[in-house]
Amino acid sequence: MSLLSLPPELILSTFQIAVDTFPQYDYRGNEHTSNLRSFSLVHPKWTSLAQSQLAQSIWLSSRTVQNEKTFAALEKAPFDETETTRLFWRGGPANQLEELVMMERFRKIKYLSIDVDVSISLIANFPRELYDSISFVV
Amino acid sequence: MTLTDPILITDLETLHVSDASLILSDTPQLSFPTLKRLVLADRAIIEGDHPAYANVFSTAAMPKLSDLALDCHGLRGMDMLVPFIKHVLPLARSLALNRNDFGDGDLKAYSMIMEEAQRSPKLEHLSVALDAEDLPLRILFEDSPSFKIESLHLSGEELGSREMAERLFAIAKGEHETIKVEKVVMYGKSKEGHGDDCPEKQHEVFTWISRGGFKCGFLGMEYPPFEDFDGSFHPANLV
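If you read the sequences in order, they're chains V and S. To convert, count from 1 in the first sequence and add 153; that's this note's numbering. To convert, count from 1 in the second sequence and add 544; that's this note's numbering.
Because the hints were derived from the structure by calculation, they are not lab data. Just to be clear, a hint being listed does not mean it is correct.
Mimicking DSSO-like on lysine-lysine, the simulated pairs with C-alpha atoms at most 30 angstroms apart in a straight line are [said to hold, decoys possible]:
hint : chain 1 : residue 1 : chain 2 : residue 2
1    : S       : K630      : V       : K263
2    : S       : K692      : S       : K666
3    : S       : K692      : V       : K261
4    : S       : K666      : V       : K263
5    : S       : K727      : S       : K580
6    : S       : K717      : S       : K692
7    : S       : K724      : S       : K652
8    : S       : K580      : V       : K263
9    : S       : K580      : V       : K261
10   : S       : K608      : V       : K263
With beta-carbon atoms standing in for the labels, derived distance ranges [stated by the list, open to error]:
hint : chain 1 : residue 1 : chain 2 : residue 2 : range
11   : V       : E228      : S       : P689      : 45 to 55 angstroms
12   : S       : A780      : V       : P197      : 23 to 33 angstroms
13   : V       : I170      : S       : P577      : 31 to 41 angstroms
14   : S       : K724      : V       : P231      : 50 to 60 angstroms
Cβ atoms here follow ideal geometry from the backbone N, Cα and C, with glycine treated the same way.
For reference, chain V alone in the conformation it holds in the complex (with noise of 0.2 angstroms):
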């Protein structure tokens, strides 16, 4: 058996050896993203496999949103269509992170890591449902 005849489920197990889902040390997710891309360099096959985890999780830092052409391209980008899962927020002050979850771009998020001071009821704003004015009669 060749490497590039592997069953898909045995390259992707390969690929979570190789690149850390959760990395704690790798703060702007290069090395993780930077692994996956080239992986899906390899050969055909291993494109979309890679292509997949990559899209699985996303960093943003006030660096990445304050610019106009990034943060116009976040409001398109077809995060739910990706199946986007995993939101690392580093650095940026919360007010930002607040728009973004304001943006309902992340309705699929859930894994959201962050390195900011932030209220418990800004995360409960991850959106979903929003139930306003329920009324309990007792």
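Since the structure of chain V is provided, determine the placement of chain S on it from the hints.
This is chain S only, laid out in the frame that chain V set:
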């Protein structure tokens, strides 16, 4: 009675706070129905009083919270530790402790956490990944701990200390008087590389795991999971 405040519901499953404050404000109407894991890394702290803690960290607001991963460095000090221990720790089914840079007050914080953890009826899995000399030994065995859990996860490097090795062998064989653990899981590539003073056959009382790749760390030293710890391991990683 009519309540008109919004109820905020999030589908997050993991919240990881690193080197920052999680501030418990505007807490009465929050709900995290799918949040399973809370990670406090580096100097992360939670700021809030007892009522705020009670509102957020309850089985009503966080019915699925069961996995805690803690670096206690930020939680040092009674004003931080006491509400955390009272409200958050009792929810944990698995508890992972981690610290790379041992400082003043860390031992006290970990000891208080362990003291409460051993009383928790929910706790099933404990991971201790403390890269500081004798700290795992001290927090696990000082103050005559008494607990009964399903699994205890440690680095194979811990067997390098004769005192620690003897106690861990006793636990794994079910011979320890007060610490009862169904499975002691050691992380390392080689059974032979750790605790050279101990007879090789004794290593077989442990379950050995190696997760490979970057998880082997510097010089191939492996530590138990922190961020993704829930007590489980993949059978393919068995040594």
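So, going through the hints one by one against the coordinates:
{"no.": "1", "hint": "K630/S - K263/V", "verdict": "holds, 27 angstroms"}
{"no.": "2", "hint": "K692/S - K666/S", "verdict": "holds, 10 angstroms"}
{"no.": "3", "hint": "K692/S - K261/V", "verdict": "violated, 38 angstroms"}
{"no.": "4", "hint": "K666/S - K263/V", "verdict": "holds, 24 angstroms"}
{"no.": "5", "hint": "K727/S - K580/S", "verdict": "holds, 23 angstroms"}
{"no.": "6", "hint": "K717/S - K692/S", "verdict": "holds, 14 angstroms"}
{"no.": "7", "hint": "K724/S - K652/S", "verdict": "holds, 23 angstroms"}
{"no.": "8", "hint": "K580/S - K263/V", "verdict": "holds, 10 angstroms"}
{"no.": "9", "hint": "K580/S - K261/V", "verdict": "holds, 16 angstroms"}
{"no.": "10", "hint": "K608/S - K263/V", "verdict": "holds, 14 angstroms"}
{"no.": "11", "hint": "E228/V - P689/S: 45 to 55 angstroms", "verdict": "holds, 53 angstroms"}
{"no.": "12", "hint": "A780/S - P197/V: 23 to 33 angstroms", "verdict": "holds, 27 angstroms"}
{"no.": "13", "hint": "I170/V - P577/S: 31 to 41 angstroms", "verdict": "holds, 32 angstroms"}
{"no.": "14", "hint": "K724/S - P231/V: 50 to 60 angstroms", "verdict": "holds, 52 angstroms"}
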